[in-house]
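Participant: Protein chains in written order, with my numbering: chain A, 542 to 889; chain B, 542 to 889.
Among these hints, one or two may not hold up.
One copy or two, it doesn't matter: identical chains are merged, so the pair holds either way.
As the list claims (entries may be wrong) - Simulated crosslink set (DSS-like; lysine-lysine; CA at most 25 Å straight-line): (1) K816 to K730; (2) K620 to K660; (3) K760 to K623; (4) K623 to K816; (5) K760 to K816; (6) K730 to K743.
FYI, nobody ran anything at the bench for these hints, they're computed from the structure.
There are 2 protein chains.
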Amino acid sequence: MSIHIAVDCMGGDHGPAVTVPAAGAFLKNHPDARVVLVGQEAEMTSLLEKLPDDTRARIQVRHTAEVVGMDEAPAMALKNKKDSSMRVAINLVKTGEAAACISAGNTGALMATARFVLKMLPGIDRPAICAVMPTMRGQVYMLDLGANIDCSADHLVQFGIMGSVLVSALEHREAPNVGLLNIGEEAIKGTSLVKEAAAGLKESGVNFSGNIEGDGIFKGEADVVVCDGFVGNVSLKTAEGLAQMMSTTLREEFGRGLLSRLSALLALPVLRRFKRRLDHRAFNGAILIGLRGVTIKSHGSADVFGFEQAIARAYETVSSDVLQRISERLHELHRDVLQPRVKQQANG
Amino acid sequence: MSIHIAVDCMGGDHGPAVTVPAAGAFLKNHPDARVVLVGQEAEMTSLLEKLPDDTRARIQVRHTAEVVGMDEAPAMALKNKKDSSMRVAINLVKTGEAAACISAGNTGALMATARFVLKMLPGIDRPAICAVMPTMRGQVYMLDLGANIDCSADHLVQFGIMGSVLVSALEHREAPNVGLLNIGEEAIKGTSLVKEAAAGLKESGVNFSGNIEGDGIFKGEADVVVCDGFVGNVSLKTAEGLAQMMSTTLREEFGRGLLSRLSALLALPVLRRFKRRLDHRAFNGAILIGLRGVTIKSHGSADVFGFEQAIARAYETVSSDVLQRISERLHELHRDVLQPRVKQQANG
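Kindly generate the complete structure, drawing on both the sequences and the hints.
Facilitator: Quick look at the structure:
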């Protein structure tokens with residue numbers, strides 16, 4: 542059976558000019574997949590005509606009149622934009638017409654709408670944004686990156702469990718390391734919230750490897766990094782800003798004078814390999830985890846290659862059966878760890 | 542009159558092997574400065590003999606028997622290590638024998654001891670760690686970077702005022718831009734703490750430019766970035782980790798095969814300029830601000846060049862009269878903004 546992905550065509554900085562060709566590229570690389578493009582049909586037509594016939598045959602267009610603005614308040618989008626490309630794409634997951642949806646639109650609106658339409662997995666209080674980043678040893682999954690700015694210790698523990706199951710499923714790892722983002726590796730460090738979360742993670746059944754500091758993210762000290770959405774968002778964006786500054790500085794220096802430009806020409810294969818290894822576009826596509834349906838958030842500024850990767854992540858999340866596995870793990874945890882503890886406390 | 546700097550010779554990963562030659566290099570570049578080296582005299586002797594006579598003439602050695610361990614609990618160091626090189630260096634500032642002190646040792650112990658010995662400036666509740674970082678447009682001062690993990694909105698406002706006066710004094714800028722680190726630029730974003738701090742900064746008399754996101758730090762969107770110590774520490778270390786990963790990856794790719802190594806040779810002047818522009822060692826030396834005395838924290842792993850820059854920052858902080866200016870600004874603020882507001886509230 543083929544996997545259907547619903548794509549919000551209108552979201553992001555570039556809209557259909559990026560999302561339509563990206564869907565085409567994705568379908569070319571995934572012969573068993575199908576895509577439902579949701580958005581303003583008139584804007585898609587000429588872009589669809591450019592795709593090869595066998596790709597276009599696996600695309601269905603669902604016309605919608607409305608679009609959620611990038612700066613629109615989530616609550617307003619939820620209330621007033623019931624025929625928006627974003628809302629309809631999420632609805633398709635709810636009705637089962639699509640196995641996953643993806644949008645490069647307004648993060649807050651996507652989160653609020655997906656939560657309202659799809660609801661939470663049992664045992665999970667809040668969705669989290671989970672993204673993948675390159676490290677010195679491979680890659681790391683980090684959550685939450687901005688969905689929850691005020692978290693309880695329990696929420697952080699839930700993020701750890703979800704992240705652990707996600708990496709197990711997607712990377713075929715038995716017991717991924719889960720690290721807790723903190724300002725020191727010692728257990729005495731950090732806020733009371735973080736200390737409580739550490740205690741909870743120890744008992745949660747995940748392979749908890751303790752605190753890690755900001756630099757540990759890129760050293761690859763953990764497979765999963767857990768943090769609240771405020772800290773996670775600042776950390777992610779700090780990294781984005783620094784990467785951009787370093788790349789710009791390198792480009793500037795290679796452009797300074799004839800000799801530098803000549804050496805850049807000779808170093809081109811090296812610089813291309815460097816760029817490819819750390820290309821943030823290859824890591825595009827954050828998972829909104831904790832919902833009863835796969836929802837992927839693409840970076841708003843993603844180009845065709847980047848958006849294609851995000852659609853591919855939706856596909857892999859579905860084909861690895863991530864939601865089912867998280868539900869089972871939460872059920873086991875409830876049965877084996879949490880309920881016995883409550884009983885013990887009642888008896889003790 | 543010459544400026545005396547007290548150096549904790551024993552702190553950091555390398556101790557006197559770094560701190561003594563760094564003091565020598567600093568004195569060479571600052572003919573009117575003097576240094577008091579505090580630590581175990583026997584470990585310094587042979588290192589001192591390597592310095593030129595005119596430099597050595599401006600060095601005084603203060604022998605101490607104890608050393609604060611890098612992982613020692615701050616409260617224990619404060620209680621038990623009264624003859625440590627760190628404590629004695631701070632004491633020299635208290636007695637006026639030195640105008641500033643510097644240590645690459647245990648941050649928590651340095652903070653606790655400096656606060657206990659030197660006390661806070663009037664109107665300031667807590668010290669903050671303030672470091673300088675390169676940006677696309679120049680440099681940025683960021684605070685707090687780990688001294689305070691639970692901050693009130695008032696503390697963040699105090700950090701903004703101190704940072705603003707610091708940049709005024711050190712960079713000769715009239716009204717530096719102060720930005721508040723947040724997860725969105727819009728005023729509605731962020732925790733209630735951050736929103737309250739934004740309101741306070743607006744009324745504080747600093748040139749408050751609103752919220753900035755993590756990537757804004759390196760885009761140079763503000764001259765001063767204010768955040769709590771948990772978020773600031775994670776952000777700083779995230780940046781350190783990413784910079785290290787990018788440098789390592791670049792080096793690896795330039796080392797891959799004969800042609801790459803050849804192109805590296807030709808690109809050497811470019812790569813050197815790139816490295817120099819972003820060299821973290823040039824930015825070494827964080828100011829522990831808010832204390833009644835100049836205390837500088839060097840990175841524990843600093844090399845001779847890096848530690849020299851940190852001593853130079855101590856010197857500049859003293860010669861720019863930063864503490865006096867912060868005290869005056871706080872006095873004015875109290876007189877012109879805070880007191881009238883209290884009166885108004887009493888009358889209103």
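Participant: Against this structure, judge whether each hint is valid.
Facilitator: Status of each hint after checking the structure:
In this homomeric assembly, K816 and K730 never come within 25 Å of each other (Cα to Cα): the closest approach is 36 Å inside a single copy and 33 Å across copies. For the homomeric pair K620 and K660, the shortest alpha-carbon distance inside one copy (16 Å) is at most 25 Å, but the shortest distance between copies (54 Å) is not. Taking the closest pair of Cα atoms, K760 and K623 never come within 25 Å of each other, the shortest separation being 44 Å inside a single copy and 37 Å across copies. Proximity of K623 and K816 under a CA criterion of 25 Å is satisfied in neither setting, with 41 Å inside one chain copy and 52 Å between copies.
In the homo-oligomer, the alpha carbons of K760 and K816 lie at most 25 Å apart both inside one protomer (18 Å) and across protomers (20 Å), since each shortest distance falls under that limit. In this assembly of identical chains, the alpha carbons of K730 and K743 lie at most 25 Å apart only when taken from the same copy (16 Å versus 33 Å across copies).
Checked against the numbered hints listed earlier, the structure breaks hints 1, 3 and 4; every other hint is satisfied.
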